Every structure is written in structure tokens, then in C-alpha cells.
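Line by line, the protein sequences are chains A and B.
Residue 540 is where the first sequence starts when you use our numbering, and the numbers rise one by one after that.
Residue 818 is where the second sequence starts when you use our numbering, and the numbers rise one by one after that.
The set of hints was computed from the structure by calculation and includes no laboratory data.
Hints are supplied without guarantee of correctness; some may be wrong.
[What the hints assert, rightly or not] If you anchor each label on the Cβ, the simulated ranges turn out as follows: (1) B:Ala1002 to A:Gln862: 54 to 64 Å; (2) A:Thr781 to B:Asn994: 13 to 23 Å; (3) B:Val925 to A:Lys787: 29 to 39 Å.
Quick caveat, the model's predicted, so the values are computed rather than measured.
Every residue, glycine too, gets a C-beta built ideally from N, C-alpha and C.
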Amino acid sequence: MFRRRLAGVLAAGVATAALLTGCGGDDATADGPVTLKVLTWEPGGTEYWKQVKTTFEAGHPDIKLEMQSVPFDKYPEVQGPYITSQSGPDVMANNAGLELFDRRNAYVPLGAKAAEINKDLVTYSGACEGFDTSKPCYGVPFSYQGNVLYYNKAVLTAAGLDPEKPPATWDEFGAACEAVKKSGKTCLALGLSGTFPAYWDFPEIARNYLTEEDVRALLAGKLSWKDPKLVAVLEKLAEITTKGWTNKNAPSITMLPDGADIFQRGDAAFAGTIISDAVNWEAFGKALGDDKLGVTRWPAIDPAAPLAQKFSGIEGAVYGVTQWSKKKEAGLEFITWLAGKENGELWVKHAKGQPLNKNVDKALLPSSPAFLKIQEFVAAPTLHAGVMLSGPEADALARGWQQVTLGQLTVDKWADQMQQALERSPTKKQTK
Amino acid sequence: MTISTAPVAEPAAADAPTAPARPPRRPAHAREWWLGAALVLPALVLALLFKVVPLVRGVITSFESSSGFGGSEFAGADNYTRMFDDPMVLTSFRNALLVVATLPVWIVVPLVLALLIHQRAPGWKFFRAVYFVPYTIAPIVVGIMFRQILSPDGPVNALLRGVGLEPLAIEWLNGRNSALFSLVAVALWSFFGLGVMTYLAGLATIPEETLEAAYLDGAGFFRRLWSVVVPMLRPTVAYWSVLCASGVLIWLFPLIYALTQGGPGDATMLPEYLVFLTTFQFLDRGYGSAIGIALFVFVALLSIFSVRHMFTEGTRKPR
């Protein structure tokens, strides 16, 4: 009797195991549509991604999309374990540049198909090793990203400043900050906890000191952080907080959402953020009113520097097919569609973002004055120095900035810490 | 007085307990042994699979060097020697020691509160429920909540300013030491309810008459706490101490993540957060594993004394 029961229990166990194994198997061999798991932080917002799913599935009845959405600031923590365990989503995203290159072994190189897939994009070099399209490319970008300085015209006016002539130089910015402070508002909304906005603000200062060659040397780990040019960049970053231009609680709050909230509430004159995906002209325009939102380049420290009047641009999120996916063909079909005109137009319509696809109908582009101004900046791009930083460098940059702000660290010590971070960057060590 | 150097006589054979004659082995004993083994086996397999195997894997990884998420190669003891030159690692362990120094508070505060509840102090039913509530809130939510509460213009500082204690209204999460101790205070707020419950369970085993007798003998609250409750609660205190000693070093991750992310600078960087940062953000798995193993040894060394004490208490034969 006991043996018969035991055999029954064992049989049930085996059946359950078989069923579970079947659930995790390759959909491609089963009847019906293939289900693609897509890991995303939903750049452009939930509505845009709903449209992506609906539109793509309508045009590709053999493929279903299963979105795993993770907040932007939590994304690396969710993605890291997937990559370490070589399992999980079939398609996933990383920011173009070093973040993607660090994780390149998680993605299938597109090989010769890269040029074909991306043929209609303004640029896709951020998806390729060393920003070089002749080297392996790991995915598809569809949006353009970069940093600008947004400002609240009403706050500038209340401070006695001309909102149509925002500060163009570092000195003018300092003077504007003093005026804004006197009017009882914060000059620059900032949150230093986490790697943002160090990652965003660093390239805007660096453009005044570095050439494109220097930026490439930074990517390769060949530019020392003790180099006077980089030390000067750190000094100017430190000035932003030590001169009292920012909110007092900057070291203990995050830029997203805390710092951006200060600007959106109308409590700060300026916020240095990005042009697409989130905390952009669209979000700020909604909060403050399109007519009250201004946008400018970060003030130039040395207006004569070769990159001072350029735009630190970078492709936005790059979507690639994972090495471990058993549905690579379907994954490739999806990312090819992402690079296309149909998705480009969805991106403009629903995410109000800067498209990369050249064939997007110009009539669809937003009419916001801030967006139109950004079009002028984007026309003169340069390499984005922030995306050249390795994980340890970005972390040390953010932590050092916190400490310098609190008077716990000197700029020279900060440069030492940056150099140490560079030396313990696994991927930069490899490229030396 | 002289001291004899003569060998001490062996105790009389009659004093020694005589070994009982071993009964002949019976088939029933063998059956019992197999049954015992069968009952222990699932736990043993689970422990091996989910404790020993990951630990061994972690040790192996700690001897490898890896670049990004690519392949890895044997690195000998490089990852371990590297730690001694890495200021972030040294700071994280220094911070860990500071956190460990707060252990007496973790042990005593819940004990005192549990005793007050046990003695049915006014409002004890209310406090018994309320103390446990923070433990039921997800630590990540606690962290987000306290980031607002402790901000320079948050409710804590507003209250301090309101009652005329303006000098105490500091930037809690910005200072080098205040940030770390704010983190510990938030953790204590989050976990002390569990300690109160643990102690209440232990107190339930102390006979009422013993406490009553001490009270009638004129022992005050602290006298009863020190001379009656603590000795009789020793196994529970030891258990809670082990839990806290390891807990303060491996429970704080969600709080650090939501509250400070290890900052400002490295002020609240603890080894467990550094393991995560090194492995998943710096993509240095081998080094991350080495820091993890160092943390494991650190926690084991801290816990070993309490565990040994608990084992001695647990195996002591009743007199």
C-alpha cells in the first residue's frame, strides 16, 4: 500500500516537473505565436510602449511581446543578475556607449546586418564598439539623447533677469545664480545621490577642456584623471555646489525624481537634464507651461574651446537580442522594426522624443518652443563624455562630488579617487 | 603552609559511573537509524544545495578575475590582496565595525520594552501591536519614507525647531557620522519589533512566581531585569544577539539602497552594498565575490562566540 502511494507521489512529481520544464521551453518550436520577453525601463513612457506593443503585434501576428518594465534608476540592479546568470529576457536595452560596451557579451553582435538595419538612422555609432560602426554593433537605437539646461522663465523674470537671454558664460551664470538666490529661489535644482546627474553634468563642463580625441582617450582609459584638463573639469563641477548655486539638500537626494521635482514645482531657475525619454522639455513643459520653459546650452567656461558650442549627443536606449535567447530571429525582427519609420513616428507622437530615423514625417514633430530650440543644438553634435565613464568612474565621480560639496574632500583627492576608479575598471583595463 | 608535589590520587573507582553493559543490537535499532537518516536527508540535501554549493561557488569565483560580463580566469589571491589597498573596502569594514558597536542598543532596547509589555505596563496591549508594525513594512519603503522624514526640511527637523532644539536639527543624511547612525537608527526602528516579540516569547517561559518573588523581595525594575530576567533569558538573548550581529551586517541593503546609496561619499558604505556595487555595477564579479567572502568571515567571527554560547547552553544537562 505504502509503496503504491509512494509510486503515485513520485509519478505526480515527475509530471509536475515535466510540465514546468515545458513552460520554460522554446516557444519557437511550439504552435502559435512566439512570445518575446523584453526588458525595458520604458524610455518615452508607458503610453509609448503600449503603442509599440499594439502596433508591432498587429503587424507581426506571429510574435507577441511580453514587457518587463523596470524603473530607470533600478534597471541595472535588475539587469545585472540576468546577465550574470545568462538567462532572462530575449531583448533588452542599455544606454549607448560604455554602459552597453560593458555588457556587450550579453548581446548578439549584429554583424553585417547592423548597417542594413540602421540604414535610415541619423547615427548608430553609440551601439557599436568604440563608437566605430566598422566594429561590432550590438543593437538598435531609435532616439537621440543629450544634455541641456532647462530654465523657468518666470523665476528668471522674478529675479530681474531677461528670460530671453539666459546666461551664456560661466560668469554670467554665477551672476544669475546670485540674483535668483536673492529672490528666494534655488538657482540650479540638483540631487547628487546616485550617479545622476554627475553623468549628465560632467560632459557639459568637459566640453570646455577636452577635444574629441581626449574624449576617445577617456573611453580607452588612456587619459589620466590627474591630467590638468580633467582636474579643471572637476574643479568647475565642484564650483556648482560649493558656490551655493544649488539646493542645500543636494547631497542626500536623487536627481530623479527629487531634484527634477524642485524644478517642476517652480522652486528653481535651472535644471540640467536630458532631451528625451524622461525629465525633458515635454515633462517640464507640462509642469510649468510650454511658454514658461526655456532651454539653453550649459554656459561656456571657455567660449573659444573647440567643443564649447557643441551638443553632447548620444543615441538613447539601444535594444539588442540577448546571447541566451532561444528566439533570436524573432528578436532581430523586433529590433529591426524599432529602428524603422513606423516606430520613429510612434516615438515622436507618443514619447515626444527626438527621433533618429530620417524618414519620420516632419509634420509630426512637436511645436513646443523648447523642442524647436533643441533642434538647433542637436545640429552640432559632439561625443558625450559622460557615457565614456566606466561603472567605477561614474560612481566615484558622483560620490566625490557629494563629498566635495560637503567639504569632506578636496578636488585633488577627488582626482586621486577618480584615477583609482579608472585603474579598477575591468573593461578599461582590458582596452588599455 | 607547604604544597605537596605528590601525585593526586585517582578518584575511587566506586565514584566513577559504571558503563552500562551494551545491549545486543536489535534489528529495531537499524530501522530507527534508517528512519532517522531518511528524515534528516531532505534537510541535509537542501542545506547542501542552497547553502554549501553557493558558498563554494562564491569562493571559487573570488579566485577569478573577470572583465565585464565576459569570461573569467584564475587570479590566485589577487582579489584578496587587492582589498587591502582599496580604500572603499577598508572604509566599508570600518563602517561595519561602527555599526557593530551599536549592538548593545539593538539587544537592550527591545529587552526593556518586552519586559514592560510583559509586566503589563499601562497601554501594553497597544504597544505590543504597535511595536511590531514597523517590522511589517518593507525595508525599501522604510528607506524611501525616512529619506523624506530626515531631509533638512523634513518633519524631524521641523519638530526639533518647533520645540526649541534648533541646534539638533542637523542634516541627518549629509554628515559623515550622522548619516551612518541615522541609517542604523532607521534599521533599529524597522527591526526592533521582531526583537520585542522574540523576548516576549522567551519571557513567557519564565515562571510568574519567580518574578513575583523578586518583586516581593523588594527588587526594583532594573534589579529584576538584571538579576532575574537576563540570567533566565540567556538563551533568548544569545539567539537575538546572533541574529542582530549578523543582521546589522546583512539586513541593511534595502535601507542603504533607498536611503543613502552608500553616501554621502562612502559614509554609509557597508560591505554588503559594496558587494552588490562591485558585482553588478562595476561588473567585477571576482572581486565582488572576494568582498562577499570577507564579509562572510567577518560575520562568522562575530557570531561564533554567541553560537558557541548558545550551543553550550542548549546542551547543558539539567542539574
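These are the hints, each one checked on the structure:
Between Ala1002 of chain B and Gln862 of chain A the beta carbon distance is about 45 Å. The supplied range of 54 to 64 Å is therefore violated. In this structure the hint that Thr781 of chain A and Asn994 of chain B lie 13 to 23 Å apart at CB holds, the actual value being about 21 Å. For the pair Val925 of chain B and Lys787 of chain A, the beta carbons lie near 36 Å from each other, so the given range of 29 to 39 Å is met.
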